[in-house]
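> Listed below are the residues making up each chain.
2 protein chains.
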Amino acid sequence: MPELPNELDGLSESIEVIDKQIVELLAQRAELTTKVGEYKSKSGSPIYVAEAEASIITSRKSEAKRQGVSPVLIEDLMRRIMRESYHTKSTEFLCTNPDIKKIVVVGGAGALGRIFVDLFKRSGYQVEVLEEGDWAQSESIFEGAGLVLVAVPIKLTEIIISRLTQLPRTCILADVTSTKQKPLTAMMKAHQGPVVGLHPMFGPDVPSLVKQVVVVCHGRETEQYEWLLQQIRNWGGILQQCDAKEHDDAMVFIQVMRHFCSFVFGSHLAGENPDLQQLISLSSPIYRLELGMVGRLFAQAPALYADIIFDNKDSVAMLTEFSVKFNQALALVENSDKEKFIQQFTKVSAWFGDYAKQSLVDSKQFLLKADDDRTLSEER
Amino acid sequence: MPELPNELDGLSESIEVIDKQIVELLAQRAELTTKVGEYKSKSGSPIYVAEAEASIITSRKSEAKRQGVSPVLIEDLMRRIMRESYHTKSTEFLCTNPDIKKIVVVGGAGALGRIFVDLFKRSGYQVEVLEEGDWAQSESIFEGAGLVLVAVPIKLTEIIISRLTQLPRTCILADVTSTKQKPLTAMMKAHQGPVVGLHPMFGPDVPSLVKQVVVVCHGRETEQYEWLLQQIRNWGGILQQCDAKEHDDAMVFIQVMRHFCSFVFGSHLAGENPDLQQLISLSSPIYRLELGMVGRLFAQAPALYADIIFDNKDSVAMLTEFSVKFNQALALVENSDKEKFIQQFTKVSAWFGDYAKQSLVDSKQFLLKADDDRTLSEER
Chain S
998 MPELPNELDG LSESIEVIDK QIVELLAQRA ELTTKVGEYK SKSGSPIYVA
1048 EAEASIITSR KSEAKRQGVS PVLIEDLMRR IMRESYHTKS TEFLCTNPDI
1098 KKIVVVGGAG ALGRIFVDLF KRSGYQVEVL EEGDWAQSES IFEGAGLVLV
1148 AVPIKLTEII ISRLTQLPRT CILADVTSTK QKPLTAMMKA HQGPVVGLHP
1198 MFGPDVPSLV KQVVVVCHGR ETEQYEWLLQ QIRNWGGILQ QCDAKEHDDA
1248 MVFIQVMRHF CSFVFGSHLA GENPDLQQLI SLSSPIYRLE LGMVGRLFAQ
1298 APALYADIIF DNKDSVAMLT EFSVKFNQAL ALVENSDKEK FIQQFTKVSA
1348 WFGDYAKQSL VDSKQFLLKA DDDRTLSEER
Chain V
998 MPELPNELDG LSESIEVIDK QIVELLAQRA ELTTKVGEYK SKSGSPIYVA
1048 EAEASIITSR KSEAKRQGVS PVLIEDLMRR IMRESYHTKS TEFLCTNPDI
1098 KKIVVVGGAG ALGRIFVDLF KRSGYQVEVL EEGDWAQSES IFEGAGLVLV
1148 AVPIKLTEII ISRLTQLPRT CILADVTSTK QKPLTAMMKA HQGPVVGLHP
1198 MFGPDVPSLV KQVVVVCHGR ETEQYEWLLQ QIRNWGGILQ QCDAKEHDDA
1248 MVFIQVMRHF CSFVFGSHLA GENPDLQQLI SLSSPIYRLE LGMVGRLFAQ
1298 APALYADIIF DNKDSVAMLT EFSVKFNQAL ALVENSDKEK FIQQFTKVSA
1348 WFGDYAKQSL VDSKQFLLKA DDDRTLSEER
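Which chain is which? The protein sequence lines are S and V, in order.
Residue numbering for the first sequence follows the numbering used here, starting at 998 and increasing by one per position.
Residue numbering for the second sequence follows the numbering used here, starting at 998 and increasing by one per position.
Okay, chain S solo, but in the shape it has when bound (with noise of 0.2 Å):
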């Protein structure tokens, strides 16, 4: 078949020519959306409305239809280029309370403290940073603030805080420490104005707050920070209320046993010594994913994820209780009792009810996107 090459040429020429045709497209869209953020911004509505978004992608899903294109496709497509609207850096936001003369962060510099002064600053708030060697100043720093917003180390939150009594009474007194028990006590202790607790659940390499969640727990004088909240719904953060002590009990599911674990897998991958780059080559995209939410952890700073673990204080009782799982179940193996692991398998499969299935589907749609990054080439 000579004539295939030019053949394929000819079709590969006339792909790229719609391909460019596309990049033209988006680079107007692009431009159009800008336009529409700084409208947004001067209305101070939120950057990301999960209705709007949803009302979008359901008209383009029909369009797609009626031309004849996969609408999982377009939803994906659509989805993506939403995403780098929301994520436009130079983004500026409705300032919701102009009356806020000044931010001062306690740990601006750190990697979330940043995050948090780069908002404000975008969103026309006058921000200063207090950091360790500012102490000296800090009675002029704290002057006429109205928000003072503590982001520094779990293990540092306390005592911090307990030097916070001079803040002026008017003063809201936030933190955004992944534990919220013990801050939030702190905080009504030393200030006697606005308290709230506040804990990101995003690490500071997001790039922006769209579609993120921020946990809500309430101090005091909740409508005096009322403003604060609406703000980071306008930054895009999706904002979850919850008791302290419901929050500490789930972070211990959320976060330390997962940490935990994968702490415990790295530490035994290493101690077995086995062939890494082997494991990734046979590994299909769902292992590769899991080793990678391993490996992943252990690029990250040590101590932050030593706090996390050690200063929840269900952390004992909750690990000691999974070793007990875990030795159960290795009994199983053992024995050889695949009935009663079948059995015990289907209890927990009930008790997750719905979650499972739908974990399925969505895991698969997930997996995937990881498979659309894949550039393996086979080795042999």
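Hint data in this document are derived by calculation from the structure and do not stem from the laboratory.
Check the hints yourself; a few may be wrong.
As the list claims (entries may be wrong) - Taking beta-carbon pairs under 7 Å as the criterion, some of the chain S residues facing chain V (in silico): (1) Val1066; (2) Arg1076; (3) Leu1279; (4) Asp1308; (5) Asp1311; (6) Phe1349; (7) Asp1351; (8) Lys1361.
Claimed, not checked - What the simulated footprint calls covered on chain V by chain S, stretch by stretch (three residues with Cβ under 8 Å from a Cβ of chain S suffice, anywhere in the stretch; the number is not a length): (9) 1055-1061; (10) 1089-1103; (11) 1164-1174; (12) 1222-1229; (13) 1265-1278; (14) 1315-1322.
Note that the structure is a prediction, hence the values are computed from the model and not measured.
All C-beta atoms, glycine included, are put in the ideal place defined by N, C-alpha and C.
Please arrange chain V on chain S, whose structure you already have, making use of the hints.
Only chain V this time, still in chain S's reference frame:
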């Protein structure tokens, strides 16, 4: 600002017009790639070639840069669009060995077996399926077979293979079990002709073989089944050759450990009975993802996981060692020995080496994709 809504409406309409044009271009693009697929299948080129994909991505990224559009955005979109063309169910494949008169898939009605039956048929082979009730007719079914593929549950593999002593001498005997030493030994014993062990590293829900790993453990008369390996490459699969023992050793880490830990994690959650909905609503993307990985296990067949965990002879030793590591780490938490925890963390980081940093980078991109789908609204 009363003119705002109208301005916004105008912008939204312009964006919608652009999106319609994008959908139109995608419809045209799909027509062209279908033609490319037809030519490729006629000429027997693999449906997916890593280098070709990489070169298209590079060309589109420079076009994006030229037009002031984010190259990362374009890369993500192009990969997603290309995925769509890979997974077209109607694709026919070039038959790499038209001399093969018949292929028999033992267990071809099972979830994984069906995938291979479908792929062989779409490649122009005559395929017969042998299921439990068909052994009385096995003689006629195997007559003239050029390939017999065993795709039955792990625990039946050896028994079924031991029955395959009457295959034509030149027939290839292959299996797709997730352990490799025992089935390979059994196949070498039962059959005198060409033998090869395969382990497709994916579940029955993959939409195609593109970018999926298939492990190849050579048995006997390699050159006789080269066409089969080439056929898998044509389907888009990525072959990884590996010694059967090395394979099984690696799978203890890749499959046994992860599934067992997820099983224990699920058992632990079900035992402690926290509010699952609350855990989900408080979770950031990474924790939701990790919880989903556990959840998805329990939507699947318990027997499959029981087989994977119980039927690997190294499981008990490996899980026992893991348990030791777990309790050592737990002792650090009990003794509040953060310093030693951090020391060990640093050691494991060193063992992971560059992989840890790479995982952090990769997972960041990956978690952004997870966020795209996030439609959760605030709960108040």
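> With a cut-off of 7 Å, does the beta carbon of Phe1349 of chain S approach a beta carbon of chain V closely enough for the hint to hold?
holds, 5 Å
> Does Leu1279 of chain S hold up as a contact with chain V if the rule is Cβ-Cβ below 7 Å?
holds, 5 Å
> Could you check if Arg1076 of chain S really has its C-beta closer than 7 Å to a C-beta on chain V?
holds, 4 Å
> According to a criterion of three or more residues whose C-beta lies within less than 8 Å of a C-beta of chain S, is the stretch 1222-1229 of chain V covered?
It is violated: at least three residues are needed, and the stretch 1222-1229 of chain V offers just 0 whose Cβ sits closer than 8 Å to chain S.
> Is the hint on Asp1351 of chain S kept, meaning its closest Cβ partner in chain V is under 7 Å away?
Violated, because the Cβ-Cβ distance from Asp1351 of chain S to chain V comes to roughly 9 Å (cut-off 7 Å).
> Are 3 or more residues of the stretch 1265-1278 of chain V near chain S, judged by a Cβ distance of less than 8 Å?
Our answer is that it holds, as 13 residues pass the Cβ test (under 8 Å) against chain S, meeting three.
> Take the stretch 1164-1174 of chain V, compare each residue's beta carbon with every beta carbon of chain S, and decide whether three or more fall closer than 8 Å.
That given contact is violated, which follows from only 0 residues of the stretch 1164-1174 of chain V lying within Cβ reach (below 8 Å) of chain S.
> Holds or violated: is the Cβ of Val1066 of chain S closer than 7 Å to a Cβ in chain V?
holds, 5 Å
> If you take the shortest Cβ to Cβ gap from Asp1308 of chain S to chain V, is it below 7 Å?
This hint is violated: Asp1308 of chain S lies away from chain V, its Cβ roughly 9 Å from the closest one there, beyond 7 Å.
> Cut-off 8 Å, C-beta pairs, minimum 3 residues; does the coverage of the stretch 1055-1061 of chain V by chain S stand?
Per the Cβ count (4), the hint holds.
> Hint Asp1311 of chain S vs chain V: min CB-CB distance below 7 Å?
Result: violated, 10 Å to nearest chain V Cβ.
> Is the interface hint for Lys1361 of chain S satisfied, with its Cβ closer than 7 Å to some Cβ of chain V?
holds, 6 Å
When each numbered hint is compared with the structure, violations occur for hints 4, 5, 7, 10, 11 and 12.
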